[in-house]
Amino acid sequence: MEQDRPQPASPPTRSVLARLLTGLVHQYFALSRGMTMGVRAACFDDAGRVFLVRHSYVPGWHLPGGGIERGETALEAVAKEIREEGNLALGAPPRLLHVYFNKQTSRRDHVLLYRCDGVTQTAPRLKDREIVEAGFFTLDALPAATTAATRRRLEEIAGRATFADFW
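167 is the number that the UniProt record's numbering gives the last residue of the sequence shown; the numbers go up by one with no jumps.
Because the hints were derived from the structure by calculation, they are not lab data. Among the hints, a few may not be true.
Claimed, not checked - In silico lysine to aspartate or glutamate, DMTMM-like type, Cα no more than 25 Å apart, as pairs:
1) LYS127 with GLU84
2) LYS80 with GLU133
3) LYS80 with ASP128
4) LYS127 with GLU156
5) LYS127 with ASP45
6) LYS103 with GLU156
7) LYS103 with GLU130
As the list claims (entries may be wrong) - The calculated label-pair distances, taken between Cβ atoms and stated as ranges, are:
8) ALA47 with VAL25: 33 to 43 Å
9) LEU20 with ARG160: 17 to 27 Å
10) GLU133 with LEU17: 16 to 26 Å
Where is the CB? At the ideal position from N, CA and C, for every residue including glycine.
Make the full structure from the sequences, and use the hints.
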């Protein structure tokens with residue numbers, strides 16, 4: 001039975017420094033923007049594997065994504081983030097799956113979750129200051145340190161959980 005399967009331990013919470021930096025960035029955004037909005041992309045290749053990234057500044061494996069900049073559409077942000085974080089190129093047009101309130105980050109942050117099918121990687125994603133590791137994984141063999149939120153999103157996409165309102 002699915003619920004009897006042991007779940008991997010969640011990665012540790014963000015460090016004090018990561019929380020401080022995130023808080024400072026969001027304070028700046030509070031002054032410069034009324035609300036923050038970001039995108040995350042569940043990118044699947046033709047083999048059905050999902051692409052995940054591990055950042056240098058926060059623990060765990062995540063779906064690629066980032067903030068939507070002024071003058072940028074959400075779809076432009078998706079294409080930019082998957083290109084920057086994974087050297088990924090879109091296959092089919094991204095499909096908006098859900099909008100989440102990310103109250104862990106701030107009281108005004110929202111995340112748009114897109115599904116991107118048929119993505120291809122144009123070149124290996126090498127380690128840099130932001131991304132320390134990246135790759136494609138089957139849904140039944142995700143890295144042990146995949147975040148709880150990422151696991152929940154993938155369960156929602158697979159139809160094994162209802163879409164939540166909170167990230």
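Checked hints:
1. LYS127 with GLU84: Given pair LYS127, GLU84 holds - Cα atoms ~12 Å apart, limit 25 Å.
2. LYS80 with GLU133: Since the Cα atoms of LYS80 and GLU133 sit roughly 18 Å apart, the hinted pair holds (cutoff 25 Å).
3. LYS80 with ASP128: holds (17 Å)
4. LYS127 with GLU156: violated (30 Å)
5. LYS127 with ASP45: holds (21 Å)
6. LYS103 with GLU156: holds (19 Å)
7. LYS103 with GLU130: holds (23 Å)
8. ALA47 with VAL25: 33 to 43 Å: Given range 33 to 43 Å: holds, Cβ gap about 36 Å.
9. LEU20 with ARG160: 17 to 27 Å: Roughly 36 Å apart at Cβ, these two residues miss the hinted range, so it is violated.
10. GLU133 with LEU17: 16 to 26 Å: Distance hint for GLU133, LEU17 holds at roughly 20 Å.
In terms of the numbered hints stated before, the structure departs from hints 4, 9, listed from lowest to highest.
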